[in-house]
Amino acid sequence: MPTRKSTIFFVLAGLGAGALAVMVAHAHYRHQKAQAAWNESAALVKRLDLTDLCLFTDARYARHPSMADRHTPFQDSPMAMEHFPSGTLISPPPHLRPQ
Amino acid sequence: MVELKNITKVFNRNRPDEFTALEDVSLLVEERKVTVFKGPSGSGKTTLLSIVGAMAKPTSGRVLVGAREITSLPERFLTEVRRRTFGFIFQQFHLIRGISALENVMLPAYTTGEKHAALRERALRLLELFGLSAKARARVEWLSGGEAQRVTIARALVNDPKVIIADEPTAHLDTKLSKDFLGIMERLNAEAKTILIASHDPLVYESTMVDHIIEMRDGRIRGSGPAE
Amino acid sequence: MSLHERHRNIIDFALSSLGRRWKKNLALTVVYAFVVFTLASVVFFTEAVKSEARAVLRGAPEIVVQRLMAGRHDLIPESHIDVLRKITGTRQVQGRLWGYYFEPSTGANYTVVASGEPPLEPGTIAIGQGVARTLNAGEGDLIPLKGSKGDYASFEVVRVFSHESELVSSDLIEMHADDLRAFFGVPEDYFTDITLKVRNEKELVVVADKIRRLLPDTRPILRDEILRTYDSLFDWRSGLLLVIFAGAVAAFVIFAWDKATSLSMEERREMGVLKAVGWETSEVIAMKSWEGIIISLAAFFGGTVLAYVHVFFSSAFIFEPVLKGWAVLYPRFQLVPQIDPYQVLALFFLTVVPYTVATVIPTWSAATVDPDSIMRL
Ligand SMILES: Nc1ncnc2c1ncn2[C@@H]1O[C@H](COP(=O)(O)OP(=O)(O)OP(=O)(O)O)[C@@H](O)[C@H]1O
Ligand SMILES: [Mg+2]
Numbered sequence: 001m002p003t004r005k006s007t008i009f010f011v012l013a014g015l016g017a018g019a020l021a022v023m024v025a026h027a028h029y030r031h032q033k034a035q036a037a038w039n040e041s042a043a044l045v046k047r048l049d050l051t052d053l054c055l056f057t058d059a060r061y062a063r064h065p066s067m068a069d070r071h072t073p074f075q076d077s078p079m080a081m082e083h084f085p086s087g088t089l090i091s092p093p094p095h096l097r098p099q
Numbered sequence: 100m101v102e103l104k105n106i107t108k109v110f111n112r113n114r115p116d117e118f119t120a121l122e123d124v125s126l127l128v129e130e131r132k133v134t135v136f137k138g139p140s141g142s143g144k145t146t147l148l149s150i151v152g153a154m155a156k157p158t159s160g161r162v163l164v165g166a167r168e169i170t171s172l173p174e175r176f177l178t179e180v181r182r183r184t185f186g187f188i189f190q191q192f193h194l195i196r197g198i199s200a201l202e203n204v205m206l207p208a209y210t211t212g213e214k215h216a217a218l219r220e221r222a223l224r225l226l227e228l229f230g231l232s233a234k235a236r237a238r239v240e241w242l243s244g245g246e247a248q249r250v251t252i253a254r255a256l257v258n259d260p261k262v263i264i265a266d267e268p269t270a271h272l273d274t275k276l277s278k279d280f281l282g283i284m285e286r287l288n289a290e291a292k293t294i295l296i297a298s299h300d301p302l303v304y305e306s307t308m309v310d311h312i313i314e315m316r317d318g319r320i321r322g323s324g325p326a327e
Numbered sequence: 328m329s330l331h332e333r334h335r336n337i338i339d340f341a342l343s344s345l346g347r348r349w350k351k352n353l354a355l356t357v358v359y360a361f362v363v364f365t366l367a368s369v370v371f372f373t374e375a376v377k378s379e380a381r382a383v384l385r386g387a388p389e390i391v392v393q394r395l396m397a398g399r400h401d402l403i404p405e406s407h408i409d410v411l412r413k414i415t416g417t418r419q420v421q422g423r424l425w426g427y428y429f430e431p432s433t434g435a436n437y438t439v440v441a442s443g444e445p446p447l448e449p450g451t452i453a454i455g456q457g458v459a460r461t462l463n464a465g466e467g468d469l470i471p472l473k474g475s476k477g478d479y480a481s482f483e484v485v486r487v488f489s490h491e492s493e494l495v496s497s498d499l500i501e502m503h504a505d506d507l508r509a510f511f512g513v514p515e516d517y518f519t520d521i522t523l524k525v526r527n528e529k530e531l532v533v534v535a536d537k538i539r540r541l542l543p544d545t546r547p548i549l550r551d552e553i554l555r556t557y558d559s560l561f562d563w564r565s566g567l568l569l570v571i572f573a574g575a576v577a578a579f580v581i582f583a584w585d586k587a588t589s590l591s592m593e594e595r596r597e598m599g600v601l602k603a604v605g606w607e608t609s610e611v612i613a614m615k616s617w618e619g620i621i622i623s624l625a626a627f628f629g630g631t632v633l634a635y636v637h638v639f640f641s642s643a644f645i646f647e648p649v650l651k652g653w654a655v656l657y658p659r660f661q662l663v664p665q666i667d668p669y670q671v672l673a674l675f676f677l678t679v680v681p682y683t684v685a686t687v688i689p690t691w692s693a694a695t696v697d698p699d700s701i702m703r704l
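Protein chains in written order, with the numbering used here: chain A, 1 to 99; chain B, 100 to 327; chain C, 328 to 704.
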């Protein structure tokens with residue numbers, strides 16, 4: 001008797017759920033392993049008094065969003081066009097938003 | 100087996116196109132008999148069969164299956180009665196295209212929760228009975244008209260119903276295939292099935308196997324008697 | 328005679344039914360999986376950045392005091408340090424020196440910071456991986472940088488920050504504070520801003536209030552605000568999420584519309600047949616739901632797993648052109664996966680439920696047809 005289609009479906013769905021579980025386990029493992037590197041980065045941050053992540057380097061308000069002053073080109077409108085591409089990707093930090 | 104009491108069926112009630120398809124029809128379908136409904140087009144044969152087969156509810160009147168009144172049953176129970184008691188053979192076959200003959204035959208039993216292996220076994224045996232073993236895996240649209248009809252019959256039988264209902268079963272068949280069909284019906288009747296056929300094909304209502312003929316006209320029964 | 332067996336039968340039929348138009352359904356699944364993939368990639372990426380920000384920015388200064396002049400961030404005079412030292416509860420008040428350097432030959436922007444403890448030797452620098460890449464430099468190399476007076480000063484690279492720290496150090500050039508002053512021409516008694524620590528963290532807000540009162544031309548920035556900045560950097564208002572979300576929603580609406588309008592006569596007839604041969608309305612709807620669940624589940628699993636591989640094994644290469652923007656220096660960091668179960672669950676419901684509902688709703692009217700209607704077709 002040939003394999004039922006529903007059996008194949010259950011097996012594939014099980015594999016999908018399994019892949020998800022492997023993902024979670026892998027993330028957990030990488031997390032454990034990352035502690036040392038994070039401690040190193042945190043120490044560097046502490047030593048150099050850094051305040052921001054280096055995600056973008058094109059505009060200064062994107063390089064140091066937490067240091068940005070009120071007159072940076074963040075445009076607090078979802079559809080605003082901006083000069084720097086990175087400025088359109090991130091949203092303004094909380095301290096620059098209208099309360 | 101099935102009894103209709105003062106059945107009236109009105110379509111589009113209270114609308115300008117209101118139409119009374121059946122009017123005060125009373126009828127007793129005898130068990131293990133072959134009954135044929137004949138009459139001109141539009142006389143209400145299909146409507147009557149759908150009410151007998153618990154597919155549609157009458158506007159007024161009562162339907163009894165066995166001793167059970169089904170007119171007032173909610174949909175779920177009505178479906179249950181239909182599935183257990185009746186097997187349908189449609190004029191247009193109404194097989195589900197794109198899937199195999201075997202699956203088409205198994206279809207009415209899927210929702211009974213029967214074990215798949217047992218069901219498959221039974222469906223294969225039915226197909227074998229009609230000489231369709233080789234076609235079990237074939238998609239239904241590849242079957243010839245006669246083969247398709249035999250798949251339809253197998254499907255009607257899969258839940259082992261007491262009553263077979265066929266609406267214009269020979270309309271799409273040539274004489275030989277029509278005779279084959281009647282042969283099968285005769286065999287089923289011999290196996291204690293009650294058979295109801297609506298047809299205006301003389302080949303059917305003049306057949307020797309017919310026990311009872313009911314003649315309809317304008318939504319009423321005009322005559323009823325044993326076949327000669 | 329079990330519910331389980333009944334549903335397995337229904338699933339069997341749903342699969343057969345999908346199998347009939349397998350090319351169309353496969354294409355649908357692939358497109359849908361792609362939508363899920365993009366969404367999941369953004370979620371994974373931003374979550375990982377957030378968690379990394381929390382992990383490494385815990386070392387950031389407790390308070391940064393920034394001077395604003397005519398609305399612009401300006402150099403802060405050393406005299407402010409003395410004022411801050413007098414506020415009760417503060418300790419370790421220090422001037423901070425940093426700035427930006429545009430490298431004309433490569434067109435890259437670097438962040439120049441003054442050395443912390445222990446300081447680098449004057450004339451030497453430590454650089455981030457991104458700087459090393461764009462300048463094609465390594466330890467021991469001499470690098471000429473163009474100072475504020477137009478003259479070139481050469482610095483010896485004595486250290487390259489590790490690849491692991493690239494998310495904070497990629498564009499850094501660390502040099503001695505005296506070198507930095509000379510290089511940028513920062514006056515002796517000025518700093519870029521001032522950092523300070525407090526004795527009791529509970530007093531942070533009180534101290535910040537005092538700073539605002541005593542030095543009205545400054546803005547104190549708390550570490551908590553820095554962390555919050557990164558928590559909300561990629562929220563729904565950010566373009567990254569918005570564009571992709573809008574795309575996903577548009578794609579989904581197209582699906583749903585297609586589904587709703589393309590319920591063919593054939594499908595209607597089939598549902599009538601099912602009703603006629605003894606299926607209940609609820610069973611016909613269950614069958615259609617399974618069709619939706621099968622497709623959306625496949626899209627969910629496929630899209631999510633691919634997104635994970637994309638973000639954490641290939642460094643989100645599809646996003647690279649977007650994230651890069653005009654930057655010449657593009658930090659290459661390997662993000663550490665951070666999976667929030669709620670986010671995956673939300674993704675699951677966002678993928679499976681609306682699609683399944685969109686599959687079922689248009690079939691509703693067809694599923695409730697009277698079984699006898701099939702006898703007249
Ligand atoms: N849903 C409906 N709405 C309105 N009128 C209907 C409906 N169904 C059937 N009718 C009408 O009821 C009458 C009886 O129809 P029915 O199909 O029962 O006739 P029939 O005897 O089976 O005819 P035929 O031999 O052509 O199949 C016809 O006049 C038909 O137009
Ligand atoms: Mg008819």
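Mixed in with the good hints there might be a few duds.
With a straight-line Cα cutoff of 27 Å, these simulated DSSO-like cross-link-like pairs (lysine-lysine) come out [stated by the list, open to error]:
(1) B:K214 with A:K5
(2) B:K104 with B:K156
(3) A:K33 with C:K377
(4) C:K524 with A:K46
(5) C:K351 with A:K5
(6) C:K529 with A:K5
(7) A:K46 with C:K350
(8) A:K46 with C:K529
(9) C:K476 with A:K46
(10) A:K46 with C:K351
(11) C:K377 with C:K537
Derived DEER-like restraints, expressed as beta-carbon distance ranges [stated by the list, open to error]:
(12) C:V684 with B:A326: 53 to 63 Å
(13) C:L677 with A:H26: 20 to 30 Å
(14) C:E466 with A:F10: 31 to 41 Å
(15) A:H31 with C:L677: 37 to 47 Å
(16) A:H26 with C:D409: 50 to 60 Å
(17) B:R131 with C:L677: 57 to 67 Å
(18) B:E179 with A:G18: 55 to 65 Å
(19) C:K351 with B:W241: 41 to 51 Å
(20) C:A573 with A:V22: 55 to 65 Å
(21) A:F10 with C:L353: 12 to 22 Å
(22) A:I8 with C:L704: 49 to 59 Å
(23) A:V22 with C:G434: 34 to 44 Å
(24) C:G398 with A:A25: 42 to 52 Å
Just so you know, these hints were derived from the structure itself, not from any lab.
Here the structure is a predicted model, which means the values were calculated and not measured.
C-beta: ideal position from N, C-alpha, C; glycine also.
Structure-based check of each hint:
| no. | hint | result |
| --- | --- | --- |
| 1 | B:K214 with A:K5 | holds, 15 Å |
| 2 | B:K104 with B:K156 | holds, 13 Å |
| 3 | A:K33 with C:K377 | holds, 18 Å |
| 4 | C:K524 with A:K46 | holds, 12 Å |
| 5 | C:K351 with A:K5 | holds, 19 Å |
| 6 | C:K529 with A:K5 | violated, 62 Å |
| 7 | A:K46 with C:K350 | violated, 57 Å |
| 8 | A:K46 with C:K529 | holds, 20 Å |
| 9 | C:K476 with A:K46 | violated, 31 Å |
| 10 | A:K46 with C:K351 | violated, 56 Å |
| 11 | C:K377 with C:K537 | violated, 31 Å |
| 12 | C:V684 with B:A326: 53 to 63 Å | holds, 55 Å |
| 13 | C:L677 with A:H26: 20 to 30 Å | holds, 23 Å |
| 14 | C:E466 with A:F10: 31 to 41 Å | violated, 57 Å |
| 15 | A:H31 with C:L677: 37 to 47 Å | violated, 25 Å |
| 16 | A:H26 with C:D409: 50 to 60 Å | holds, 53 Å |
| 17 | B:R131 with C:L677: 57 to 67 Å | holds, 58 Å |
| 18 | B:E179 with A:G18: 55 to 65 Å | violated, 39 Å |
| 19 | C:K351 with B:W241: 41 to 51 Å | violated, 21 Å |
| 20 | C:A573 with A:V22: 55 to 65 Å | violated, 32 Å |
| 21 | A:F10 with C:L353: 12 to 22 Å | holds, 20 Å |
| 22 | A:I8 with C:L704: 49 to 59 Å | violated, 33 Å |
| 23 | A:V22 with C:G434: 34 to 44 Å | holds, 42 Å |
| 24 | C:G398 with A:A25: 42 to 52 Å | holds, 51 Å |
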